[in-house]
Amino acid sequence: MKISYNVNKNGFYGDFGGAFIPEMMHANIEELKSNYIKISSEKSFVKEFHDLLKNYVGRPTPLYFAKRLSNKYKTKIYLKREDLCHTGAHKINNTIGQILLAKKLGKNRIIAETGAGQHGVATATVCALMGIKCIIYMGEVDIKRQAPNVARMKMLGAEVRPAVCGSKTLKDATNEAIRDWINNPINTHYIIGSVVGPHPYPDMVARFQSVIGNEVKSQLKKIEGNENPNYVIACVGGGSNAAGIFYPYLDNEKVKIICVEAAGKGIDSGESAATSVLGKEGIIHGSKTLLMQTADGQITEPYSISAGLDYPGIGPMHANLYRSGRGKFISIDDKDAMKWGLNLSRMEGIIPAIETSHAFAVLDKIKFSKDDVIVFNCSGRGDKDLETYIDYFKL
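With the working numbering as the guide, the letters of the sequence shown map in order to residues 1 to 395.
Hints are computed from structural coordinates only; laboratory data are not their basis. Errors might be hidden in some of the hints.
[Said to hold, decoys possible] Okay, derived cross-link-like pairs now, DSBU-like style, lysine-lysine, Cα gap no bigger than 35 Å in a straight line:
#	residue 1	residue 2
1	K38	K2
2	K339	K365
3	K67	K221
4	K221	K133
5	K168	K154
6	K133	K103
7	K33	K104
8	K67	K104
9	K280	K9
10	K144	K280
11	K339	K168
12	K72	K38
13	K394	K217
14	K104	K154
15	K335	K256
16	K168	K328
17	K107	K72
18	K2	K221
19	K339	K54
20	K107	K221
21	K222	K154
22	K222	K2
23	K67	K328
24	K72	K103
25	K54	K9
Kindly produce the complete structure, drawing on both the sequences and the hints.
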């Protein structure tokens, strides 16, 4: 029997997923479960979604052949240029889909969580576009290290509320957003930015982001005469950019999947976000997944120089890719990630987000053949991280 790595009818990817939620969230989640596929399949929805992706976001994004990288590593390297999307990252694909869904459901208030700030900016952008009230929860630490994105959110009319508990990063911002949703169940839609949270969020976000992988297929067909690369590679925190590029290839085992996590200051340093190595089964934010935790089940505080990978778990799709062996997981530390931010900038003239930089470090870890076709998801641009780059390299 052929194995499927996609979500099943109960909201699980293998052993992972589901909706482990308090009773007060039940009505919200049931409303989404009952409607998200039906609404997003309607002709009027599909037309508006794709019109906005084309004329507002700027899709399709290029599939760029990285000639200098390819020559150096003696293989064929393509970059899916999500950094060229409006707002500077892939996050806008999902927020466009979810704001249209929220409008169909009659919601007039939007909340979201953000770490690196790109999802916050993308949410604030679509709320401004649609004239809907927007509140963004962001960890106090992330507010300081992602100040340009905070300013962008405020310019777009969003209210940015700091999360001041725990590590004051993405996990804690998510906690605050969930509390808000529980207290405002009728008029509010929660736009989760990654493939995390209770079902149907991981599947819904993956579906909206799947435009990335679907474009890669058609673009590769034209360029290489074959829609299937040998490898697709993406960084994984919660994992929405990875889910988007992996989605059409999940059940095609001829295409190898590589997921790149943040090892922080080292896997065994106590300051890491390498969930596949350090995580155990657990429940976070309403989903069963792999989660960094102590022996008695307390969540371990993650660390990464990259705000977008600074999360103690991974999405259930990715947990299943790891557990099943379908995906190969590699952990990259801060030093190698930052080095690759500089490498890509100076070899291809593309300054990547630090999240994206982690993925490219795989080129020093795996030997590819000259005939391999490798597609990296260049998930975001480095404007938001310039201060971190400046401090790190003393530029």
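Right, here's what the structure says about each hint:
Restraint check for K38 and K2: satisfied, since their Cα atoms lie roughly 27 Å apart, inside the 35 Å limit. For the given pair, K339 sits about 14 Å from K365 by alpha-carbon distance, which is consistent with the 35 Å threshold. Pair hint K67 plus K221 holds up; C-alpha atoms about 19 Å apart against a cutoff of 35 Å. Straight-line distance between C-alpha atoms of K221 and K133 comes to about 42 Å, which puts the hinted pair past the 35 Å bound.
Among the hinted pairs, K168 with K154 is consistent with the structure: their alpha-carbon atoms are about 20 Å apart, no more than 35 Å. Between K133 and K103 the alpha-carbon distance is near 12 Å, which keeps this suggested pair within the 35 Å criterion. Proximity of K33 to K104 is assessed by CA-CA distance (about 14 Å); at most 35 Å being required, the pair is judged to hold. A distance of roughly 45 Å separates the Cα atoms of K67 and K104; the hinted pair therefore is violated under the 35 Å criterion.
Among the hinted pairs, K280 with K9 is consistent with the structure: their alpha-carbon atoms are about 24 Å apart, no more than 35 Å. A hinted pair counts as satisfied when its Cα atoms are at most 35 Å apart, and K144 with K280 qualifies at roughly 31 Å. For the hint pairing K339 with K168, the CA-to-CA distance comes to about 27 Å; that is within 35 Å, so the pair holds. A threshold of 35 Å between alpha carbons decides the hint, and for K72 with K38 the separation of about 48 Å lies outside it, so the pair is violated.
Restraint check for K394 and K217: the C-alpha separation of about 40 Å exceeds 35 Å, so the hint is violated. The straight-line distance between the Cα atoms of K104 and K154 is roughly 26 Å, inside the 35 Å bound, and the hint therefore holds. Only pairs whose Cα atoms come within 35 Å are accepted, and K335 paired with K256 is accepted, the gap being roughly 26 Å. Between K168 and K328, the direct Cα distance comes to roughly 30 Å. Compliance with the 35 Å bound is thereby established for this hinted pair.
Under the criterion of a C-alpha separation no larger than 35 Å, the hint pairing K107 with K72 is inconsistent with the structure, at around 51 Å. A hinted pair counts as satisfied when its Cα atoms are at most 35 Å apart, and K2 with K221 qualifies at roughly 25 Å. The straight-line distance between the Cα atoms of K339 and K54 is roughly 34 Å, inside the 35 Å bound, and the hint therefore holds. The suggested pairing of K107 with K221 is violated, with an alpha-carbon distance near 40 Å, which exceeds 35 Å.
Simply put, K222 and K154 have alpha-carbon atoms about 41 Å apart, too far for the 35 Å limit, and the pair is violated. For the suggested pair K222 and K2, the alpha carbons sit about 29 Å apart, so the restraint of at most 35 Å is met. Among the hinted pairs, K67 with K328 is consistent with the structure: their alpha-carbon atoms are about 25 Å apart, no more than 35 Å. For the proposed pair K72 and K103, the alpha carbon gap of about 49 Å is over 35 Å, so the pair is violated.
For the suggested pair K54 and K9, the alpha carbons sit about 31 Å apart, so the restraint of at most 35 Å is met.
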